[in-house]
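Participant: Note that the protein sequences, when read in sequence, are chains A and B. Each residue of the first sequence is one higher than the one before, counting from 1 in my numbering. Each residue of the second sequence is one higher than the one before, counting from 452 in my numbering.
One or more of the hints may lead you astray.
To be verified - So these bits of chain A aren't anywhere near chain B, every CB distance computed over 10 Å:
#1 G68
#2 A233
#3 A252
#4 D348
What the hints assert, rightly or not - Listed next, the in silico DSS-like pairs over lysine-lysine satisfying Cα-Cα at most 27 Å (straight line):
#5 B:K507 / A:K51
#6 B:K469 / A:K262
#7 B:K469 / A:K5
Said to hold, decoys possible - To be clear about the criterion: a stretch of chain B counts as covered by chain A if any three or more of its residues have a C-beta under 8 Å from a C-beta of chain A, and this derived list gives those stretches:
#8 462–471
#9 526–537
These are computed hints drawn from the structure, not numbers from a lab. On a predicted model such as this, the values are computed, not experimentally measured, just so you know. By construction, the Cβ of each residue, glycine as well, lies at the ideal position given by its N, Cα and C atoms.
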Amino acid sequence: MFNYKQVLETIEMVEREHLDIRTVTMGVSLLPCIRATGEETARAVYDLVCKKAQNIVKVTEELSREYGIPIVNKRVSVTPVSIICAPFADKAPLIGRALDRAAKTLGIDFLGGYSALVHKGTADYEETFLKSIPEVLASTDMLCSSVNVGSSKSGINMDAVRLMGQVVKDTAAATSDRDGFGCAKLVVFCNAVEDNPFMAGAFHGIGESDTVINVGVSGPGVVQHAIEAVPDADIAELAETIKCTAFKITRAGQLIAREAAKRLNARFGIVDLSLAPTPARGDSVAQILEAMGLESVGTHGTTACLAMLNDAVKKGGVMASSRVGGLSGAFIPVSEDIGMIEAAERGDINLDKLEAMTAVCSVGLDMIAIPGDTPASTISAIIADEAAIGMINNKTTAVRVIPVPNKGVGEEVNFGGLLGRAPIMPVHGKSSEKFISRGGLIPAPIHSNKN
Amino acid sequence: MRAVVTVVGKDKTGIISKVSTFLADKSVNILDISQTILEEYFAMIMLVDLTNAKLKLADLAEECRVMGEKIGMSVHVQHEDIFNAMHSV
Numbered sequence: 001m002f003n004y005k006q007v008l009e010t011i012e013m014v015e016r017e018h019l020d021i022r023t024v025t026m027g028v029s030l031l032p033c034i035r036a037t038g039e040e041t042a043r044a045v046y047d048l049v050c051k052k053a054q055n056i057v058k059v060t061e062e063l064s065r066e067y068g069i070p071i072v073n074k075r076v077s078v079t080p081v082s083i084i085c086a087p088f089a090d091k092a093p094l095i096g097r098a099l100d101r102a103a104k105t106l107g108i109d110f111l112g113g114y115s116a117l118v119h120k121g122t123a124d125y126e127e128t129f130l131k132s133i134p135e136v137l138a139s140t141d142m143l144c145s146s147v148n149v150g151s152s153k154s155g156i157n158m159d160a161v162r163l164m165g166q167v168v169k170d171t172a173a174a175t176s177d178r179d180g181f182g183c184a185k186l187v188v189f190c191n192a193v194e195d196n197p198f199m200a201g202a203f204h205g206i207g208e209s210d211t212v213i214n215v216g217v218s219g220p221g222v223v224q225h226a227i228e229a230v231p232d233a234d235i236a237e238l239a240e241t242i243k244c245t246a247f248k249i250t251r252a253g254q255l256i257a258r259e260a261a262k263r264l265n266a267r268f269g270i271v272d273l274s275l276a277p278t279p280a281r282g283d284s285v286a287q288i289l290e291a292m293g294l295e296s297v298g299t300h301g302t303t304a305c306l307a308m309l310n311d312a313v314k315k316g317g318v319m320a321s322s323r324v325g326g327l328s329g330a331f332i333p334v335s336e337d338i339g340m341i342e343a344a345e346r347g348d349i350n351l352d353k354l355e356a357m358t359a360v361c362s363v364g365l366d367m368i369a370i371p372g373d374t375p376a377s378t379i380s381a382i383i384a385d386e387a388a389i390g391m392i393n394n395k396t397t398a399v400r401v402i403p404v405p406n407k408g409v410g411e412e413v414n415f416g417g418l419l420g421r422a423p424i425m426p427v428h429g430k431s432s433e434k435f436i437s438r439g440g441l442i443p444a445p446i447h448s449n450k451n
Numbered sequence: 452m453r454a455v456v457t458v459v460g461k462d463k464t465g466i467i468s469k470v471s472t473f474l475a476d477k478s479v480n481i482l483d484i485s486q487t488i489l490e491e492y493f494a495m496i497m498l499v500d501l502t503n504a505k506l507k508l509a510d511l512a513e514e515c516r517v518m519g520e521k522i523g524m525s526v527h528v529q530h531e532d533i534f535n536a537m538h539s540v
């Protein structure tokens with residue numbers, strides 16, 4: 001029999017501290033869908049995704065009720081679309097829209113994989129694909145896009161970085177009626193992972209099995225509460241507290257992942273240990289850092305606190321699950337975290353500090369609104385900086401910035417729901433144009449030569 | 452399949468009777484009961500067996516939640532594995 005403390009602790013975590021399973025994501029390989037034409041491929045893609053994931057909503061809702069833990073998102077990730085439409089890249093939008101229709105038929109929250117992997121070079125068909133992203137994101141609702149422009153093993157494809165700066169701008173322009181919302185569905189990666197269950201960066205890697213279930217756990221509120229319960233602890237004790245908490249959260253995720261995989265006829269892929277915040281109060285990574293003793297996130301000491309948090313979460317999680325993967329760390333999106341939003345409004349956190357923070361946590365500059373008149377080359381340079389941090393540190397980094405059309409510093413953008421709101425942050429005014437216009441490849445770092 | 456029923460709320464007369472009668476009506480077998488008063492709050496944990504139950508766990512959980520609201524208590528029914536997973540190595 002269980003004791004009161006354990007049972008009530010679990011219930012308290014769910015009811016008061018926002019413990020939830022953030023996402024159950026089914027990865028589906030689209031390789032069997034490749035046909036002779038774009039039209040036939042689009043039809044095959046729609047049919048396969050609808051068939052494979054037909055029960056995902058029903059099963060996750062059932063699991064949520066049986067185990068008494070909310071499962072917030074049901075998602076699907078697919079093989080990077082640029083791969084399956086290589087022979088007819090101009091038809092990629094057809095496939096994108098077929099995927100969007102499939103997502104709507106299934107009733108899921110997002111579908112990721114309108115993606116390309118161009119970390120070592122951009123083929124002609126990939127360039128055509130990348131240029132289709134703005135229009136496709138503007139004409140779909142559930143579809144998410146990601147592009148990998150660098151890796152520790154191959155270096156950084158600066159031609160792709162240059163192009164993606166423009167793609168981000170064009171996506172904002174194509175969705176200017178919604179404050180550039182399309183950019184919230186577009187991530188530029190370095191060292192992208194193949195089993196990420198989180199959006200907007202989820203895609204189903206080419207090395208994966210045909211159908212897998214990846215689960216993303218969450219629980220910033222639970223960690224914050226645990227830290228607040230030991231107000232006088234030294235940092236080592238804090239790390240231990242976080243580790244134990246991460247263990248419990250991850251175990252819940254692993255249980256749901258195994259059971260979901262069984263019921264959905266898929267393989268159990270991984271549990272992603274990320275601390276993913278929401279705009280709700282008490283569900284914030286920034287507030288965890290503040291609970292550690294910072295007056296505001298963004299002040300001196302933030303990077304150290306975040307490094308410790310990120311590491312402790314991983315240690316507890318690795319102990320709890322036999323298969324850890326995805327991004328697994330603390331997320332620091334600005335618009336999706338009430339502590340970050342308020343710090344940005346007060347001017348206590350800026351882009352430079354956020355960049356420093358991305359060196360010690362997953363994932364990158366995430367959900368940051370910047371002025372609409374930011375030049376494409378500046379966005380490319382932001383991407384290059386982040387990719388460099390990822391490449392040198394052997395970690396995933398990403399950029400998801402929104403150059404909000406017709407808005408500037410001092411104004412705010414509100415995407416609603418889990419995507420939240422963000423005050424527009426200033427970027428550096430000096431030009432990076434010449435650097436970005438050079439193109440070419442930043443060679444892989446010396447420590448990538450391990451063979 | 453076994454589940455854990457948790458009943459928490461302000462103490463009053465007849466809680467155990469109401470909850471156990473409700474479960475019996477659904478052919479849910481009670482295996483173990485533990486009950487205490489924590490700072491004037493009533494807290495009860497039951498381990499139950501659903502082998503012969505008339506409804507599925509997910510539906511039982513929902514019906515118990517509604518029943519709990521009627522008697523002014525917070526009632527949760529959860530698969531026992533969630534507690535095994537979170538609280539044992």
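Participant: Each hint should be assessed against the structure and marked as holding or not.
Facilitator: Taking the hints in turn, this is what the structure says about them:
no., hint, in the structure
1, G68, "violated, 4 Å"
2, A233, "holds, 22 Å"
3, A252, "violated, 6 Å"
4, D348, "holds, 35 Å"
5, B:K507 / A:K51, "holds, 26 Å"
6, B:K469 / A:K262, "violated, 36 Å"
7, B:K469 / A:K5, "holds, 24 Å"
8, 462–471, "violated (count 0)"
9, 526–537, "holds (count 10)"
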